[in-house]
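Chemist: Sequence:
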Amino acid sequence: MLNGKTILITGGTGSFGKKFTKRLLKDFNPKKIIIYSRDEYKQYLMQKEFAEYKTKLRFFIGDVRDKERLYRAFDGVDIVVHAAALKHVPLMEYNPIEAVKTNIGGAENIINAAIDRGVEKVVALSTDKAVNPVNLYGATKLVSDKLFVSANAYAGGKKTRFSVVRYGNVAGSRGSVIPFFLKLVKEGAKELPITDFRMTRFWISLDEGVDLVLKAIREAKGGEVYISKIPSFKITDLAKAICPECKLKEIGIREGEKLHEVMITEEDSRTTYEYEDHYIIYPNFDWWNYKKHFKEGGKKVEEGFRYSSDTNKDWLSVEDLKELLNKIDIVY
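Its first residue numbered 1, the sequence shown is counted upward by one per residue in full-length UniProt numbering.
The hints are simulated quantities; they were obtained by calculation from the structure and are not laboratory data.
A virtual CB, placed ideally from N, CA and C, is assigned to each residue, including glycine.
Hints should not be assumed to be uniformly reliable.
What the hints assert, rightly or not - Here are the in silico distance ranges between beta carbons for each label pair:
1) A51 / D207: 19 to 25 Å
2) P96 / G118: 33 to 39 Å
3) G304 / A51: 39 to 45 Å
4) G175 / G252: 15 to 21 Å
5) G297 / M1: 39 to 45 Å
6) K299 / K249: 41 to 47 Å
7) E302 / L182: 29 to 35 Å
8) G252 / K26: 39 to 45 Å
9) N132 / S317: 38 to 44 Å
Said to hold, decoys possible - Straight-line Cα separation of at most 30 Å, DSSO-like style, residue types lysine-lysine; simulated pairs:
10) K26 / K5
11) K22 / K54
12) K54 / K146
13) K5 / K159
14) K22 / K295
Use the sequences and the hints to build the structure in full.
Modeler: Here's what the structure looks like:
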């Protein structure tokens, strides 16, 4: 599938980019992997980390806002995985125009460069926050998702196909609640802050996120949104798993924060199909051909179906969470 291919990862020095790169080098024999990102220091560190693979890796300093740089970077590229985004919710509330420039303008640049440079497939990473968004970051990602889906029509007769992979906060990723709680405990905290005791989230590891992206690369015909079937957990249970003796203090929900993660809305249920380990939301456009593009084996969900962390059928207990915490990568 990826043997002999040139793959470019935007935001490639992030948690996902590094994990995805490791998987590519372990399980496939790509011709070249291009790491495209803005941060020269992170690129320097990643070069050192992957020094033994220097013949396979290329590092491009660039911003997805820079269309000309993308055109240069995409030359000869077969597959693009778009992971770059400005995603810190409170900061994006305060810097909305910057989020628009990167998350929406950057998506447009990726689409144009991919089509004009003859890229075969583009898989864009999305987020639960793009579903019924209540914050600026989520709103920009909703627009981005719609741009990538519609780009399949925009490509016309060109070969480039676009799809989207959606998941929530990755367990243990930088800036998420797990490293935050662990840091507090390490510093001797006897009390953990919970924004709202009712809060729930989905659990997905970096490896599971990579699996879903590889599935989209392998299968997508263009326009699909892929969502993994994953378990839910209560934030209070996570806190108990990390520090059983700690007291929990409810501090109030933050600006732009949701009580629960929603991956599929009731409106999306009309074009959503369930598979063994994932869901696919198919595009609802005239250009999408059911006979040509539909993946066999899917069962249409009931109209009104909603995939949310608070109504999920699969739940993790405190003991389950303790076990999983020992298996994930923690990024501080």
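Chemist: Next step is simple, just say for each hint if it's right about the structure.
Modeler: So, going through the hints one by one against the coordinates:
Checked against the given bound of 19 to 25 Å, the beta carbons of A51 and D207, roughly 23 Å apart, stay inside it. Under the hint 33 to 39 Å, the C-beta atoms of P96 and G118, about 34 Å apart, fit the expected range. Checked against the hint of 39 to 45 Å, the C-beta distance between G304 and A51 comes to roughly 53 Å, which is inconsistent with it. Evaluation of the 15 to 21 Å hint for G175 and G252 yields a pass: the beta carbon distance comes to about 19 Å.
The hinted window of 39 to 45 Å between G297 and M1 is violated, with their beta carbons roughly 19 Å apart. At roughly 44 Å, the beta-carbon separation of K299 and K249 lies within the given 41 to 47 Å, and the hint holds. Checked against the given bound of 29 to 35 Å, the beta carbons of E302 and L182, roughly 40 Å apart, lie outside it. Our hint of 39 to 45 Å for G252 and K26 holds, since their Cβ atoms are close to 44 Å apart.
Evaluation of the 38 to 44 Å hint for N132 and S317 yields a failure: the beta carbon distance comes to about 28 Å. A threshold of 30 Å between alpha carbons decides the hint, and for K26 with K5 the separation of about 15 Å falls inside it, so the pair holds. For the given pair, K22 sits about 13 Å from K54 by alpha-carbon distance, which is consistent with the 30 Å threshold. Under the criterion of a C-alpha separation no larger than 30 Å, the hint pairing K54 with K146 is inconsistent with the structure, at around 36 Å.
With a C-alpha separation of about 16 Å, the suggested pair K5 and K159 falls inside the 30 Å cut-off, and the hint holds. Using a Cα cut-off of 30 Å, the hinted pair K22 and K295 holds, with the two alpha carbons roughly 28 Å apart.
Hints 3, 5, 7, 9 and 12 from the earlier list are contradicted by this structure; the remaining hints agree with it.
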